[in-house]
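Participant: Chain by chain, the residues run as shown.
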Amino acid sequence: MDYYVAIASIVGIHALLGLSVYLVAISGQMSFGQQGFFAIGAYLAGMGTALWGLPLLPSLVLGALLAGLIGIVVGFPALRVRGLYLAIATYGFGEVVRLVFLNIRYTKTIGDRVVGPNGAEGFRHVRYVFDRGFTGLQFLGIIAAVVAGVAVLFYLLDRSKLGAMLRAVEEDEVAAATVGIDVTRVKVLAFGAAGAVAGLGGGLFIHFSSYIDHDMVALPLAIASITYPILGGLGSFVGPILGAVLLVSLTEGLRVLHELRMFVYGGLIIVTMLVRPRGLVDEALVLRAKRWVRPRPMPRGGDVP
Amino acid sequence: MKRLWRIGSVVALGALLAWPAGAGAFQSEGTVRIGAMWALSGPGAFFGKSSHGLASLAIDEINEAGGLVVGGKRVKMQLYAEDDACNPEQGLAVVRRLATVDKVLFSLGPSCSSVAEPVFGTLQKRLDDPGDTGLQLLFFTDTATKFGLAKLSPWVFRNTPDEPAMYDFVVKYLKENYPDLKTVMVAYESDFAHSASTWKLALQPALERHKYHQVVEVVDWRWLDNEFGAQVAKLRRANADIYFSLTHTPSTCPSFRELHRQRVKPRIIIGVTSIAAGEVLRQCPDVAEGLIAPSNFAPITAKAKQVADKAWERYSADSHIHSVPAYENVHLMKVLIEKAGIKNTEESLLEDRRKVRDLLARVGTFQGVVGKIKMNPDDHPVRPRDVDKDMILVQVKSAKWTVFWLPANLKQN
Amino acid sequence: MPRILLDATEQLLNGLMYGSLYALIGGGFTILFGVMRKLNLAYGSTIMAGAYVSLIPFYLFGVPAWVMLLSSIAGAVAVGFLVELVCFRFLRKGHELAPLLTTIGMLIVIDEAIVHATGAVGLEYARPFGEESLAWGPFLVRPDYLAILVAALVCFSLIFFLIHRTRLGRAMRAVAERPQAAQILGVSLRRINVLTFALTSALAGVIGFFAVVSVGAARPEMAVWLTGKGLVVTVLGGLGSLRGAILGGLLLGVLEFETMWFLGTSYRDILAFLLLFAILVVRPAGLAGARAT
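Chains as they are written, first to last, in the working numbering: chain Y, 8 to 312; chain A, 59 to 471; chain X, 1215 to 1507.
If you are wondering where the hints come from, they were derived from the structure by calculation, not from laboratory data.
Since we're looking at a predicted model, the values are computed, not measured.
Heads up, a few of these hints could be off.
[Claimed, not checked] One-sided excerpt, in silico: chain Y residues whose CB lies under 8 Å from chain A: (1) Ser167; (2) Ala171; (3) Met269.
[Stated by the list, open to error] Result set (DSSO-like, lysine-lysine): computed pairs, CA atoms no more than 30 Å apart in a straight line: (4) Lys361/A - Lys115/Y; (5) Lys323/A - Lys361/A; (6) Lys258/A - Lys115/Y; (7) Lys455/A - Lys161/A; (8) Lys209/A - Lys115/Y.
[Stated by the list, open to error] The following label-pair restraints were derived from C-beta to C-beta distances: (9) Asn110/Y - Ala1288/X: 43 to 49 Å; (10) Ala1331/X - Gly88/A: 35 to 41 Å; (11) Val1277/X - Val181/Y: 29 to 35 Å; (12) Pro263/A - Leu1477/X: 46 to 52 Å.
Glycine included, C-beta positions come from ideal geometry on N, C-alpha and C.
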């Protein structure tokens, strides 16, 4: 049981990372640096409970806020850059964050433990969850609540004016600007919100693992975070969540294959993309799902955007 | 609709595979389950695979001799080895798989200190405290060496090198035997926790304590770097007598080549403990010639030679400082499991783990492959649940590790 | 000459020589992106696969270095065709994100194959360019880095000749500029794609040989390092601009060596990425790109 709870917890944390990339993507940007915000959220939330004695919730909020704030700061220069250029530029940002944490030492001795970010030796003893008697299942409940909360926000966003503005900016920036959408504001806001979502994921992660170091927020996490929305599909916020569910449970589920595990894992990614090049939940599927919920034909036909 | 089916099948496949087959075992089936988490895939697999081989050899020996006696019945040992790919998140899942799906009595591993950190950090910290919801799984680690890991939880025991003591001895040995070599230069991997802590927590304090050597240059690089020209040029300028290369094989070999290229010739080169494995001999035996490393294993006794040969024959596994402990741990645990009076049922698993844990904490001295090993008790002030064992200095000579120095008690063998 | 200037010059020389390796890697990414408008994240693995293939005749027969170079090229081309077949050929048009994931999948598969074939142990490689650096006045110069510089000059000369002076090059440029128009004029897109793959994979074979020679041992995790450097150089230079990639590679090389010498490892990495971020903000289409915006 604990094993499946742990897998589900990892899925939830990674889903937040995937949603964060998705949020940037639907404003027409491409970020390969969300692991940097994840790291900021993790280190700050960890410091909140382990060093400053704050409860879990304020610590998570603190981490998410700082990550969101830095997201806004990064969002402004990122406006000038687009597409793959932006992906690599944001990867540069993620690496700078990682290297900063590799060099930061800010520790306190509590009892016989040295607590706090400690350079290459990592940030140990974030044991709030275990010391307060949370079971794995209860903490999974917290993770699930956060993911559900974020998902509800995304659902509302899809139906709001802001969501329509985001999609409009993704489709055609110039056209969006001519109908009076403040493109700068929308994009920077998306970057900030995406940073906060990744920061939340990081805050949950450090409390799940009790430990973090710079190596855990390096390239592999960056690759994972873009894999979820691309494989899951950018048609709806369900896509990145589905991507995280599938890929994390495959990593674990394929254990029965022993030596062949990673071969099959890589192979399945290729096959999935060949069969569904726009991801599992693409725009066409979203449209079909909407029709299925509301069987009446859509007023203006059903051509795929 | 076809496409929907395809998605459905992908989802179903994922769900199906995530559900591993649970098998009934334990006393009724005549087995006792032991677990392990190692890096069996990815770049760290060298260490995981050799530990796997040595542990499997020990289990074979026990089972071929009739198994072990639990509750008056002969049972066989069964190994559940899981791959963590040296990835901390996989480690966090796998430790729970071992504890609650594989339901093992105790676990060997992990290979990587970076996996051990979160895995040990999420174990129970205060025994007997129901308010501490950390996982209750007993670990008897063979490889993860970073200083202080066993302190993270009373469920963690390690049979790994005591690096502060080793480097303290090395510094003292150099001072006594090579009094004219006074200057020291150091290279370490600043992004690799084990290497960085060997420098900051083991070697640097030892050099300060003995107040004999003068550190003239310290350089660092990343453990996956491929270019060392600038750092080695600094070492060339420093031109010290003694060079401590606290680096792992991927950067050690190319940096040694660079030393050679730039004609840097320290009188003595000392390596990191993990270097005393076969990897460096396969990558750069030529430039590693003369390298000295502190170790706990060398095939110096008849027993040690026999173990090394058998492990290579059966499992193509290298016997070295990190893999031989896996062999020793399995043999020690066999004795303790027989003594602990466990019930070996699914229901008694937590109690059984606790009984074995308490015995291991009080085991004191036991026989290793090359010498005696002493397990520190829970109340040891600095290194609880870590071991003290004989230290050997080994040296690369003609593409082989040979013994450079032995303690007096091992010489008599 | 004061010492600080001597040091700076020595690192400049090293940076230019090593930077030409970065330029080659970036060149491989750039040619493929220029023609197909797609990134191949399995390119680093293709490079390593070539190097590993060349280890087979080396360990079996102890062949000389030029045979290893050729077998590295042959191995990389074979793996390159496999990547094209599996990751690109059957992908329907208009999905610019999909090849990112198919090639990541391929990267995982190739790396894992290497790990299993070698027991995850680094393997010693040939050292055809001698064991000691050459003393040029006050400077020490690595012969294998000189060889990289020469190899880069030869490769880029050949590539520029191919692109600007041959029919195939014209067709490639046509596809790069206006794929539809090129098709109407009778250029087979598939043929050009496959030939582009052959060209960049052959380049991968050359890179694999020289990169592994400079390290002295082949290790599977070098693939990720190669991919990372390649992406940075490609973007720094301006996606699709070969001149930009060369410039970007040399710049990165020099920057890394100078900061390493004067400031240390931490600054080397941080400054490289900060510079990348800054350049992209000031020149959003890279060093050589003006068109892309």
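Participant: The structure should be examined with respect to each hint, and the outcome stated for every one.
Facilitator: A quick look at each hint next to the structure:
A distance limit of 8 Å between C-beta atoms decides the matter here; for Ser167/Y the minimum to chain A is near 28 Å, and the interface restraint is violated. For Ala171/Y, the interface hint is violated, the least distance from its beta-carbon to any beta-carbon of chain A being 27 Å, above 8 Å. Hint status for Met269/Y: holds, given a least beta-carbon distance of 5 Å to chain A, under 8 Å. At roughly 47 Å between alpha-carbon atoms, Lys361/A and Lys115/Y are farther apart than 30 Å, so this suggested pair is violated.
Our distance criterion of 30 Å between C-alpha atoms is broken by Lys323/A and Lys361/A, whose separation comes to about 37 Å. Under the criterion of a C-alpha separation no larger than 30 Å, the hint pairing Lys258/A with Lys115/Y is consistent with the structure, at around 18 Å. About 45 Å separates the Cα atoms of Lys455/A and Lys161/A, which puts this hinted pair outside 30 Å; it is violated. With a C-alpha separation of about 17 Å, the suggested pairing of Lys209/A with Lys115/Y holds against the 30 Å cut-off.
With their beta carbons about 44 Å apart, Asn110/Y and Ala1288/X fall inside the hinted range of 43 to 49 Å. Roughly 38 Å separates the CB atoms of Ala1331/X and Gly88/A, a value that falls within the hinted 35 to 41 Å. Separated by about 59 Å at the C-beta atoms, Val1277/X and Val181/Y break the suggested range of 29 to 35 Å. Distance hint check for Pro263/A and Leu1477/X: the Cβ-Cβ separation is about 27 Å, which falls outside the suggested range of 46 to 52 Å.
Checked against the numbered hints given earlier, the structure breaks hints 1, 2, 4, 5, 7, 11 and 12 and satisfies all the rest.
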